[in-house]
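Asker: Mind docking chain H on chain F? Use the hints.
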Amino acid sequence: MRDKTTAQPMNVSAVNRRTLLKGVGAGAAMGLAGCMSGGESQGTNDGGGDSGGEESTQTPAGELNRGGHLRLSAIASADTLNGWQLDSKHERLIIQSLNSYLTWMKPDLTVGPDLATDWEANEDATQWTFYLREDATWHHNGDRVVAEDIAATANAIYAEDSTAAGKGSLGPLESAEVVDDTTVRFNLSASDGLIPRRWARTVAPIYPADVIENRRDEMATTDFGSGPFELESFSAGDETVLTPYDDYYLTDEDGNQLPYLDKVTITQLPDTNTQVTSFRNEDVDILWNASRSQWDRIKSASGVNSKRIDASGFTVIQMRSDKPPFDDNRVRTAFKLAVNRSALLNGAASGLGTVAYDNPIGPAYPGHSDVPERTQDLDEAARLLEEAGYGESGDPIELDFYAPSSPSKVLDTTVIAAEHFNQLPNVTINVQQQSYDNWISNTWLNAQFYTSWYTQRPTTDTLLLQVWHSEGSWNEAHWSDEEFDQAADAARSAQTEEERNEHLATCQQILHERGPSVISFYIDALTAQQEYVNGFDPYPTQKWVRSQQVSLGDDAPTQ
Amino acid sequence: MSVETESYRNPSISTRLGTFAREFLTNPVAASGAFIVLSAILVSVFGPYLVTDPTVTDPASRFAAPSFLDPSSSFLLGADQYGRDILARVIVGGRSTILLGVSASALGLALGVPIGLLTGYLGGKVDEVVMRLMDALMSFPSLLLGLLILTTLSSSIWNAILAVGIAYFPRIARVVRSSTISVKNEEYVKAAEARGESTVSIIFREILPNVTSAIIVEGTIRVGFAMLVGSSLSFLGLGAQPPAPDWGYMVAQARVTVYQSPYFLLWPSLALAYTVTGFNLLGDGLRDILDPQTRSD
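As you go down the protein sequences, you meet chains F and H in turn.
Just so we're aligned: the first sequence equals residues 1 to 559 in my numbering.
Just so we're aligned: the second sequence equals residues 1 to 297 in my numbering.
Note that these hints are calculated values from the structure, not bench results.
Treat the hints with caution; some may be incorrect.
[Claimed, not checked] Per label pair, the in silico range of CB-to-CB distance:
| no. | chain 1 | residue 1 | chain 2 | residue 2 | range |
| --- | --- | --- | --- | --- | --- |
| 1 | F | Asp181 | H | Leu148 | 48 to 58 Å |
| 2 | F | Thr110 | H | Val51 | 48 to 58 Å |
| 3 | H | Tyr259 | F | Ala190 | 44 to 54 Å |
| 4 | H | Leu153 | F | Gly237 | 18 to 28 Å |
| 5 | F | Ala220 | H | Leu148 | 20 to 30 Å |
| 6 | F | Lys263 | H | Pro141 | 34 to 44 Å |
| 7 | F | Asp379 | H | Trp158 | 32 to 42 Å |
| 8 | F | His69 | H | Leu148 | 34 to 44 Å |
| 9 | H | Val51 | F | His69 | 49 to 59 Å |
| 10 | H | Trp158 | F | Ser162 | 36 to 46 Å |
| 11 | F | Thr222 | H | Leu143 | 30 to 40 Å |
| 12 | F | Gly237 | H | Leu143 | 13 to 23 Å |
[To be verified] Partner residues are not named here, just some residues of chain F that face chain H (Cβ under 7 Å, in silico):
| no. | residue |
| --- | --- |
| 13 | Ser293 |
| 14 | Arg297 |
| 15 | Gly347 |
| 16 | Ser405 |
| 17 | Val415 |
| 18 | Ile416 |
| 19 | Val431 |
| 20 | Gln433 |
Just so we're clear, the structure is a prediction, and the values are computed from it rather than from any experiment.
Cβ coordinates follow ideal geometry from the N, Cα and C atoms, glycine included.
Chain F with its partners taken away, still in its complex shape (with noise of 0.2 Å):
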């Protein structure tokens, strides 16, 4: 992972060590040191204005402080502290800060402890073994965090009648066992490589084994959690506060507590131009994935670091393909033509990316594979839908064609992409643009003709899995290819980087050519924070705030 920066790498171990000094008395915090390299701008804009370039980090000038009150900001609503069920970004702040996981996902997507300490896989990798920490403790309770909980865990998310959103994309599990009280084994029905990677997911917090039991219903309301927070008010859609959790088991590197904050507030905004206008107000203090459309408004701020990272997320126009008339892959094929692409990238996401051609695993990904281009052909297109008996002289193609109105990159790509696909004979796209409530309660999942969209996963082969493959739990396109599923299935079993690679390529192909999805262009992660804000690293996933390494300089205006 390279972020797209020319001026010196961000040495945060550095600024910490000799802030810390300062501060608490000693060396850097635990986990921040060799998190970013350096790099040069990979130049991918081919048509926006931007230059790589121009994204400068500078070294941070805020002191590192105990204390402080952290300000982050969402525009989704949260509407449960349960995470396994989360669905919004504002969820996802929430309940990261509250729970602990098995693992932890560092910045350049490399797998690090957090409940686990270590943990080994047998021969052909079809079961794991995880040693546990002994000083966790829950926040409801006091009692220690064990074996048995994240074996409940584990078997709950997985139970058949789970609705939980991390079901299937956290490895082939077939049953969790307790071996002691630090021990805990996961049993596959495959072999899986990457299971501690796969656990290193926001959806997957562990929880206490008899909350699961007895009381889940609760877990939507109250704080189950051990992670670095506990919960002091939380009021469905509005702020939620969280305050230090004393007993929290990580110190920094020198042995101090974490986290270094007093408290953070995670406030609903009612859309971005607020949420930049707050952050240039120093209102918020980290724009963990910022606006694309006001990335000049933001880079522009005084007092503020900026950094645009090379990621993998795209949005996603899903044809259904179990009726007619996306059934048929000419159809399909003929909507992938109509798209001019880097008309797209420039419209939807301000040029920051680059151009995709209906893969889903982009660049950023290990194991990406070039696929051919497939620019905008209108003439091919109209062929191949008189081959399937539509087009000029065939039946009609009227379609509503749905898209929540934020975030805005997916209405801007619904809105464009249908005005090239109504440059096809005898097709005719209406745009039904919705409230995201309504998007992902109705169409989601469901509608014929929509568009979706996700950040990049720690994992290549999880989105395959999760939205192609044909039990995927979220195969929005309800797609079915035997072809598909089983090299998806052999990239999650192979032993070698090698080999899963080489069934990860064929993934890729099958999707380009006969795919259900037309994907435009990847799309780079953007974030921003206050100069004052230390230990804050951007993932390219943008998943991740890891609130307990945030620390705040004197200079903060809520120190």
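Answerer: Then chain H, alone, in the frame of chain F:
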């Protein structure tokens, strides 16, 4: 001179129109309102034939991001974030906004006028029951009622017309009712009753012609309000659907990019303000002419 007595004496139509036209043209409020409304309607009816397709993006302008938003010789009012000509969108957007205002107001009249006439003339229990229902409907803020209707149905311009029409008809019914009450004891009504004419005939042949001034004034002023509510619904994403050019929806889009380019926000807002002002001035002017008792000066 009041309209009621004039129509009672039944002077020739041409005399009445002549008087009306003279008053209309010498009334600055009515004349300027009429000019604005006429110009807005002419531009939105014929303008679209002169501009490019407003739903289509000009790729050349989009590639020039982010400066593509500013006005230039090829885009007189600038281009939006997709590279679409704002001038074309504002001109074509007038169609849906004015259509919404006029249609919703017409729907409100179609529902409200018969109810107002009936309850005003019949009085008694019918009046009590129906007007309490109207009161209940009026107690909902019109935007909220519109939101409720559109969320239940689906988002489209036609449903928005329906929603605004339903939100406004109780107000129209109330105005028509009070006008009806003020004329129902006139001698020509008593005479018709004495002749034994049916209720329907009395309402539509005797009363309706004598409350038309109130209806015209109310209908005209409602157009402006309906356009505002309709645009608010589109602003909230419930009225016109993208890529349709609609002033309310354009303002909503422009809000996101207001810091990059204020023009995108400016033009649809100005167009909306211009047209709504026009309808309001026209309505005020008509009231001055047709209903001299309420004249403010």
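Asker: Holds or violated: Val431(F) as interface residue toward chain H, Cβ cutoff 7 Å?
Answerer: Result: holds, 5 Å to nearest chain H Cβ.
Asker: Does Ile416(F) meet its interface restraint, that is, does its C-beta lie within less than 7 Å of any C-beta in chain H?
Answerer: It holds, given that the least Cβ distance between Ile416(F) and chain H is near 6 Å, below 7 Å.
Asker: Asp379(F) and Trp158(H), beta-carbon distance inside 32 to 42 Å?
Answerer: 36 Å, holds
Asker: CB of Ala220(F) to CB of Leu148(H), is that within 20 to 30 Å?
Answerer: For Ala220(F) and Leu148(H) the Cβ distance comes to about 28 Å; the hint holds.
Asker: Given the range 48 to 58 Å, decide if the beta-carbon distance of Asp181(F) to Leu148(H) lies inside it.
Answerer: 56 Å, holds
Asker: Taking the beta carbons of Gly237(F) and Leu143(H), is their distance inside 13 to 23 Å?
Answerer: 21 Å, holds
Asker: Under the criterion of a CB-CB separation shorter than 7 Å, is Gly347(F) in contact with chain H as hinted?
Answerer: With a minimum Cβ separation of about 5 Å from chain H (threshold 7 Å), the hint on Gly347(F) holds.
Asker: Would you say the C-beta atoms of His69(F) and Leu148(H) sit inside 34 to 44 Å of each other?
Answerer: 40 Å, holds
Asker: Grab the minimum C-beta distance from Val415(F) to chain H and call the hint holds if it beats 7 Å, violated otherwise.
Answerer: With a minimum Cβ separation of about 5 Å from chain H (threshold 7 Å), the hint on Val415(F) holds.
Asker: May I ask you to test the hint 44 to 54 Å on the CB atoms belonging to Tyr259(H) and Ala190(F)?
Answerer: Taking Cβ atoms as reference, Tyr259(H) and Ala190(F) lie about 52 Å apart, which means the hint holds.
Asker: Take the shortest C-beta to C-beta distance between Gln433(F) and chain H; is it under 7 Å?
Answerer: Because about 5 Å separates Gln433(F) from the closest Cβ in chain H, which is inside the 7 Å limit, the hint holds.
Asker: The hint names Ser405(F) as touching chain H; please verify it with the least Cβ-Cβ distance against 7 Å.
Answerer: 5 Å, holds
The structure agrees with every numbered hint stated previously.
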